[in-house]
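J.: Sequence:
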Amino acid sequence: MQRAIQVARNIQKTTDRRVFFLTFTRGDAQNQVIELNTEGQLRLGITSDGSALPVYSRATEVISGGAKIAGTPFTLYDTGAFYESFKMSNVDGDSVTISADTVKPNKDLLEYGDLIGLTDGNITKLVNYIIPIIRDIVIKEALK
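Residue 289 is where the sequence shown starts when you use the numbering used here, and the numbers rise one by one after that.
Some hints here could point you the wrong way.
To be verified - List time: in silico SDA-like cross-link candidates among lysine to any residue, alpha-carbon distance up to 20 Å:
(1) K392 - T363
(2) K375 - K392
(3) K413 - G328
(4) K356 - Y400
(5) K356 - K375
(6) K356 - T335
FYI, nobody ran anything at the bench for these hints, they're computed from the structure.
Given only the sequences and the hints, what does the whole structure look like? Please build it.
T.: Encoded structure:
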């Protein structure tokens, strides 16, 4: 009976802020956020507010040797350095901060819009991804 009481106390001490923090300090959850931002949005030419990035011109297609197709949206993936710079720079009890190096020689990529952050659709995908993580954290916190 004492163990049941202890589990109940542990559950009471496990706040939503703690569960949020424990969830997003995990590498897999952080990687999912970054992947949704880079591969699930930018690679498709979509900003964090759901707007479309500009499209490549015919001149860009020619200059790139066909690597960038006229009429398709910018992906902001050239060398990969921008995508690789994405990281979770802060996690607290109710928010996460994603950062990336948007400044390139003679250009700040933010001129194309809000690039860092998730669209509503990708937030929904993230929630679906973290539900099992949250469940495991709550169980672990209760049984410790």
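J.: Hints first: check each against the structure and report whether it holds.
T.: Verification of the hints:
{"no.": "1", "hint": "K392 - T363", "verdict": "holds (15 Å)"}
{"no.": "2", "hint": "K375 - K392", "verdict": "holds (17 Å)"}
{"no.": "3", "hint": "K413 - G328", "verdict": "holds (10 Å)"}
{"no.": "4", "hint": "K356 - Y400", "verdict": "holds (17 Å)"}
{"no.": "5", "hint": "K356 - K375", "verdict": "violated (26 Å)"}
{"no.": "6", "hint": "K356 - T335", "verdict": "holds (18 Å)"}
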